[in-house]
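Engineer: Listed here are the chains, written in short residue letters.
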Amino acid sequence: GQSLEQPSEVTAVEGAIVQINCTYQTSGFYGLSWYQQHDGGAPTFLSYNALDGLEETGRFSSFLSRSDSYGYLLLQELQMKDSASYFCAVITGTALIFGKGTTLSVSS
Amino acid sequence: GAVVSQHPSRVICKSGTSVKIECRSLDFQATTMFWYRQFPKKSLMLMATSNEGSKATYEQGVEKDKFLINHASLTLSTLTVTSAHPEDSSFYICSARERGRAETQYFGPGTRLLVL
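Here the protein sequences come in this chain order: A and B.
According to this note's numbering, the first sequence is numbered sequentially starting from 1.
According to this note's numbering, the second sequence is numbered sequentially starting from 1.
No wet-lab data here; the hints were simulated from the structure.
You may find that some hints are simply not true.
Derived DSSO-like pairs (lysine-lysine); straight-line CA-CA distance at most 27 Å [said to hold, decoys possible]: (1) 64(B) with 20(B); (2) 64(B) with 100(A); (3) 41(B) with 81(A).
Take these sequences, add in the hints, and give me the full structure.
Structural biologist: Spelled out as C-alpha cells, the structure:
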C-alpha cells in the first residue's frame with residue numbers, strides 16, 4: 001500500500017517557526033512536494049525535493065531524506081495568512097499521492 | 001505562471017442527472033491531467049489520471065462508468081459524473097502537468113458539486 005503520515009494539526013503564534021513532518025511509504029518515488037490549501041481553495045505548489053537536503057524558498061524551506069523516507073516543511077516568521085492546510089505529496093512517476101494534510105493555525 | 005481553469009466552479013443538480021466539469025490549461029500544454037476528489041477537512045483523493053488521446057487510468061475503487069473522463073486535447077480534460085447521487089456531492093479538483101515537468105502539478109480552482 002501507499003501511505004503518507006503527517007500531523008493533523010499544528011498551532012503557533014505570529015513570528016514563530018513551525019516544522020511539519022512527513023513520512024512516506026510508497027511504491028515508486030521520484031520526489032516529495034508540499035502544497036498549501038486555504039479553506040475553499042485549490043492547493044498551491046510550495047516546494048519540491050527530489051534529492052536529499054534542504055531547499056529554501058523565502059520563508060519556507062523543505063527537507064528530504066530519502067534513506068529515512070522522511071521530509072519536512074519549515075515555515076519561518078509565521079504570519080496570520082499562513083493559516084491553512086499543508087499537504088505533503090509523493091510523486092510516484094505517474095501521479096501525486098497526497099498525505100492527509102496538516103492544519104496550521106497561526107494566532108496573534 | 002501556469003494557469004489551470006475549471007468550469008463550473010459550483011453546481012447544484014438533481015439526483016439522477018449528469019454533470020460535466022471542464023478543466024483547461026490556459027498557457028501550457030498539459031500532457032497529463034489528474035482528477036481529485038476532496039471531502040471537507042480531508043485530503044485530496046486521486047480519482048484518475050488522463051493522458052491526451054488515451055483512456056484514463058482510474059484508481060482502485062473509482063467507478064469508471066460513473067466518472068467518465070475525456071482528455072480530448074492537450075489543453076482540455078472533462079469529468080462527467082453520470083447519474084449523480086447525493087453521495088457524489090464533493091469538491092472536485094483537476095490538475096495538469098506540463099510535458100517534461102513531472103515535479104509540478106498546477107491545480108484548478110475546483111468545482112463544488114451538490115447533488116440534491
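Engineer: All the hints need checking, so say for each whether the structure fits it.
Structural biologist: Going down the list of hints, with the structure as the test:
no.: 1; hint: 64(B) with 20(B); verdict: holds (14 Å)
no.: 2; hint: 64(B) with 100(A); verdict: holds (24 Å)
no.: 3; hint: 41(B) with 81(A); verdict: holds (18 Å)
In summary, this structure violates none of the numbered hints.
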